[in-house]
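In case you want the letters, here they are:
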Amino acid sequence: MIHQHDVVIIGGGIAGLTAALTATKNNCQVAVVSKVHVTRSHSVAAQGGIAASLGNQEEDNWEWHMYDTVKGSDYLADQNAVEILTKEAPNEIYTLEHLGVPFSRNPQGKIDQRKFGGHTKNYGEAPIKRACYVSDRTGRAIMDTLFDQCQQQNVTFYNEIYIQQLLFESNLCCGAAGYDIATGTAHIFHCRAVVLATGGLGRIYKTTSNGFASTGDGFALALEASLPLEDMEFVQFHPTGIYGFGILISEAARAEGGVLRNGLGERFMEHYAPTLKDLAPRDIVSRAILKEINEGKGVDGKDYVNLDLRGLGKEVLDQKLPEITSFVKTYLGIDPSQTPIPVAPTCHYAMGGIPTDVEGHAIADITGAVLPGFYAVGECACVSVHGANRLGCNSLIDLIVFGKRAGLSILREVKERIFPPLPEQAESIVEDKINSLLESKGTERIHVLRENLQCLMTQQCSVFRNGKNLQQTLEQIQELKHKVQNICLTNKSKTFNMELQEAFELHNMIKVAEVIVFSALKRRESRGAHFRSDYPDRDDEQWLKHTFVHQTPNGLKESYRPLLPGRFAAQKRRY
Amino acid sequence: MIVALKIYRFNPKTDKAPHFDIFKVEAEPNERILDCLNKIRWTQDSSLSFRMSCAHGICGSDGLTINGQSALACQKLIKDYNYQGEIVIEPLKYFEVVKDLIVDLKPFFERLKLITPKKPQNKTNTEIKKERIQSIKERSLFDDALKCILCGCCYGACPVTVEQDQDFVGPAAVLRAQRYIFDSRTTDETERLNILQKPHGVWGCKSYYLCTVVCPKNIKVTEAILRTKKKIIHEKQTKTQ
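Quick mapping for you: the protein sequence lines, in order, are chains A and B. In terms of our numbering, the first sequence is numbered consecutively and its last residue is 575. In terms of our numbering, the second sequence is numbered consecutively and its last residue is 241.
Just chain A, with the same shape it has in the complex:
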């Protein structure tokens, strides 16, 4: 089946829907294609808030927000992009409010704001109230509003379509090919512009806050299309995942007064970040937790610490943190107003991704050459505003600001562009891929290989890394790459075959994991979320540059893009 639309957006989270809503004007036909029903996209799991210097609670300005973002990124963010993000953030919040997003309010009836990790007043003096929020279901509320708006604007949705590859004809992106998960039939999307908005990759790790759908598909689609991936070594581990589950407990819990305590009951963050304490950026808090655990100061000698919310009172928990209160009750049987919550770092967010310019165009190499008709937004993109470590609440505002900018550039550019011809037999490419998997007669099982990969990545390539282990891990991933060619599918049906989908996803996860480990091995310094115990210091002279990794016939190949000088020069990062 061939579908023709001016624009096809792959992924229906907040970035994808923002781009869709922006581009649906002047008769521009937009379609959103998702492997889940779009309202299931993982943006709905965002809890704590969305950052903008509205100054509703206390004096604030975009330059402070910019400084915090750049410092939080360990100076690897592109400062021109951060400037755009922080300058445009307040008006984008107002626009969302006018679209209908039901922000929580302060006593004056304005949008309420609360503190969040790494966000400060006057260049690092003290925490500031900058996070706008909808109790602790901010992502859900924004998604619902955008979805309702897209319904009104008649954006076309293709739910439960799994995209297998991007289509190019003589270097022009002309669409994407995939299949209907319900029936196994091929669906070809023919368009003038493709937007990748596929979200994250948390499922590459054993413990993650991400849903089952976050398998890094977009990163792999780009790699296969010979596009580079930027800064993939920087993977964020959120400090407070529910122990054993990895389910996110928002930083808002600490913003509202929660504190982390080790097994001795000590408020240990005071030693690691004397000014911001529990509201230090995530890379710092995650390392601190694991350091405490490694020193034997985990709770009961185990590998977790406690998040103590007992001081908050029932009213704050009910009004401002109702979702996480219910998660803790459901999964641990704990009332957080009475008992501390066991937490440990959980894989949360990819700072790296498909390199783009500030208009959402994907970039082909370190020269910054733009690929016509091809865009990327959201977590699968890297613009780069988060550098080596993202601040909480900066992801949602990234989705909105750059999702919209991509939508606007599409509006400007798409009508001048022709529909490039489709490659011949696009449909049979899809069918062949499905059939060859269904007919596979190998000996390897998908869930076993996936578990191997997840354990490997969690043990060797999470918060602490070192060169020797990374080198070994890279070799083990090569082995997995061979093994995955020899898998066996026991389900031969084409109707909602979850095994088939998981086979495609596993191929993607292995490819993307290889890029993460490769990038981490090459960067011989420690910066932000990337900590090398064999190179524990930041090295600005050598490494103030972005990693670009391409897939070539001879394996992965790295190159580096220098940072442009920005407003804030790199300094030692103290909190």
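Hints in this document: simulated from the structure, not taken from any laboratory. Each residue gets a CB set at the ideal place from its N, CA and C atoms; glycine is no exception. Be aware that one or more of the hints could be misleading.
Said to hold, decoys possible - Computed list of lysine-lysine pairs in DSS-like fashion (alpha-carbon distance at most 30 Å, straight line):
no.	chain 1	residue 1	chain 2	residue 2
1	B	16	B	6
2	B	106	A	25
3	A	110	A	291
4	B	6	A	494
As the list claims (entries may be wrong) - With beta-carbon atoms standing in for the labels, derived distance ranges:
no.	chain 1	residue 1	chain 2	residue 2	range
5	A	27	B	130	23 to 33 Å
6	A	368	B	18	39 to 49 Å
7	A	122	B	191	40 to 50 Å
8	B	198	A	413	40 to 50 Å
9	A	271	B	79	35 to 45 Å
We have chain A already, so just place chain B on it with the hints.
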């Protein structure tokens, strides 16, 4: 320990009639029903089909009928049921089954679209420089409805949708309409109320309260529907006066 799950199986394309399979899995009392379904699929029967995504009750993918009642597979733990006997897993009632535990959600999303006025009320005005003021009290009037995750559990529990009126717009759709109608910022409230007054609209609700009983997010769904009905009556009275 070993837990037995009795699971509904049906592929309308190949099977004449649905049947049940019983699977025994090793599981802890604290594990999610969803964890067990995955174990079965990964190690015993890869042809089992169900939906899942976030696995912690926020995306709304895995609404099922568990021991006769609508629930989310990722939100219910083994210990929530009598696991000495079989735990019975079926698809959500009301919806058409497309494969095993997967149902056709088209009618659900169509109903959500149905309650939305065709003309967008708000324009994305780039000149916007401030938020609209809304008091904490005004904002609280629709707070409960914001918890909805569109899982469809209420449709599987409602005697009206399941047994009496296939075309009833349904609890979640009225709830979503209520969220806008009671939002002080909404300008197309009358249009929204008019849509709900049509046949199979809000008056289809007979207040069985079963949507409220099963709602995985503990939303007072029936109360929201009743408030919407009251609002319609109130509007009519003010008009005739």
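Comparing the hints with the structure gives:
no. : hint                        : verdict
1   : 16(B) x 6(B)                : 19 Å, holds
2   : 106(B) x 25(A)              : 26 Å, holds
3   : 110(A) x 291(A)             : 41 Å, violated
4   : 6(B) x 494(A)               : 24 Å, holds
5   : 27(A) x 130(B): 23 to 33 Å  : 32 Å, holds
6   : 368(A) x 18(B): 39 to 49 Å  : 57 Å, violated
7   : 122(A) x 191(B): 40 to 50 Å : 48 Å, holds
8   : 198(B) x 413(A): 40 to 50 Å : 42 Å, holds
9   : 271(A) x 79(B): 35 to 45 Å  : 39 Å, holds
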